[in-house]
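Student: Residue-level listing of the chains:
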Amino acid sequence: MIKRSRLRPFRTLGHRTTDRIWRLGAGARLFWLTLISSGESFRRFHLTIREVYFTGVMSLIIIVVSAFFVGMVLALQGYNTLQKYGSSEAIGVLVALALVRELGPVVTALLFAGRAGTAITAEIGLMKATEQLSAMEMMAVSPIARVIAPRFWAGVIAMPVLAALFSMVGILGGYLVAVPLIGVDSGAFWSQMQANVDWHDDIVNGVIKSVVFGVACTMIALFEGYDAPPTAEGVSRATTRTVVISSLAVLGLDFVLTSFMITL
Amino acid sequence: MERTTIDLWVGIFVALGVAALLGLAMKVGNLTTSNIGITYTVTANFENIGGLKPRAPVKSAGVVVGRVGDIKFDTETFEAVVSLNVDKRYNFPKDTFANIYTAGLLGEQYIGLEAGGDEAMLKNGDKITQTQDAVVLEKMISQFLYNKASESTNDAPAATKSDSASSTKAADDALTASPLDAISKPVTP
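First to last, the sequence lines map onto chains U and X.
Each residue of the first sequence is one higher than the one before, starting from 1 at the first, in this note's numbering.
Each residue of the second sequence is one higher than the one before, starting from 1001 at the first, in this note's numbering.
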């Protein structure tokens, strides 16, 4: 007969697996409930606007500043390699394509998960811990329609806006390094960029990516908060999980979306 | 309505986002440069299109006059059928030449139109009959190497017989057979 202690790793493994699957199903159900009860967040649009303010407007500073630095670093690094091949004018293309296709949506989503996702999780987790959500249910107010759905739509609205800003500010940062600092020709910088960045293949696909990331990041943050154990420790763990799962989901989804978008 | 400051900030936020998207479209992307108005479509058959892609530019005398529409494969002639969307403002004679060129040494491929002398002009749905295929670099290099190899094998017996006249003739034959000849010809007429 096998000792119980030998079986324990398998039991914890099985327990963790079923727990993950259970949470996945619960998250999908919350997503569905949010979608069908999101009428109120559009009828009473000021609820959503308030959340756009907290998730979007309050994230502006971190997004703009990091975009600026990311663009400047891209230009410096790109120039360093491109000038070896005598094509330093292509630096505009490099900065623009890297930002519009990948870095804009992805870095924005990662920053959004850290800046706004954690705030959402902590807020909803505390609302649950202090039984505000139960109080709403007692008053026949659906917490999903009143609390979850406006935050969800605010995240979905805010993410593409932030990503577009990230790309544009990053390109301006790259311009600042490439043209006045390094001395690449300004006309070549912009014209090469315009010749090689496609409206549909690059910019629209970047926007589609950021909308998907917005859905994923906001939904993960909302679910973690809604699912958090109503204790201080539970909320703190849920906040950590929001960042970890959001980041992994964004990077994984990015690969999937890119493989759909790039036609070989 | 209360909370007007929040409304204001959200308004600014969304306006900034729209401005950024507009900036991406106008300043960064090719939305403003790629629209070539009303077009007419002509087709051209090529035996080999190399790396030509849909939406590649169609140029004449270096000016972009249109874009490649779609590329199909004809199962009867086993040729590539490329449809070209040419701007309505530009008319080309019926005997126009369509060549596939490469921008730079390894750049993207585009179609160059060279106008002929015909009085009749190309219309929508017409077919350009005179085409020249893309230059496939690997094919060219392998043919060149093959010729070099055959040249040196021809040289070897020539040297033993010490017949200098036949050896130079063999070398000349190898040179004229070289596919690089086709490129060097316009440069050194």
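Certain hints may be false.
Think about it this way: if two alpha-carbon atoms lie no more than 30 Å apart in a straight line, the pair counts; the simulated BS3-like pairs of lysine-lysine are [stated by the list, open to error]:
id, chain 1, residue 1, chain 2, residue 2
1, X, K1072, X, K1139
2, X, K1139, U, K84
3, X, K1027, U, K84
4, X, K1139, X, K1088
5, X, K1148, X, K1053
6, U, K84, X, K1053
7, X, K1094, X, K1059
8, X, K1072, X, K1027
9, X, K1027, X, K1053
Bear in mind the hints are in silico, worked out from the structure with no lab data behind them.
Student: Given the hinted pair K1139 of chain X and K1088 of chain X, is their Cα-Cα distance within 30 Å?
Tutor: violated, 37 Å
Student: Check whether the Cα positions of K1148 of chain X and K1053 of chain X lie no farther apart than 30 Å.
Tutor: With a Cα-Cα distance of about 33 Å, the restraint between K1148 of chain X and K1053 of chain X is violated, given a limit of 30 Å.
Student: Is K1072 of chain X close enough to K1027 of chain X, meaning Cα to Cα at most 30 Å?
Tutor: violated, 33 Å
Student: With a cut-off of 30 Å on the C-alpha distance, tell me whether K1027 of chain X and K1053 of chain X pass.
Tutor: holds, 24 Å
Student: Starting from K84 of chain U, check that the Cα of K1053 of chain X is at most 30 Å away, please.
Tutor: At roughly 28 Å apart (the allowed maximum being 30 Å), K1053 of chain X and K84 of chain U satisfy the hint.
Student: Holds or violated: K1072 of chain X with K1139 of chain X, Cα cutoff 30 Å?
Tutor: holds, 23 Å
Student: Quick one, are K1027 of chain X and K84 of chain U close enough, alpha carbons at most 30 Å?
Tutor: Holds, at about 27 Å.
Student: If you draw a straight line from the CA of K1094 of chain X to the CA of K1059 of chain X, is it 30 Å or shorter?
Tutor: Between K1094 of chain X and K1059 of chain X the Cα gap is close to 17 Å, so the pair holds against 30 Å.
Student: Holds or violated: are the alpha carbons of K1139 of chain X and K84 of chain U at most 30 Å from each other?
Tutor: holds, 29 Å
Comparing the model with each earlier hint shows violations of hints 4, 5, 8; every other hint is respected.
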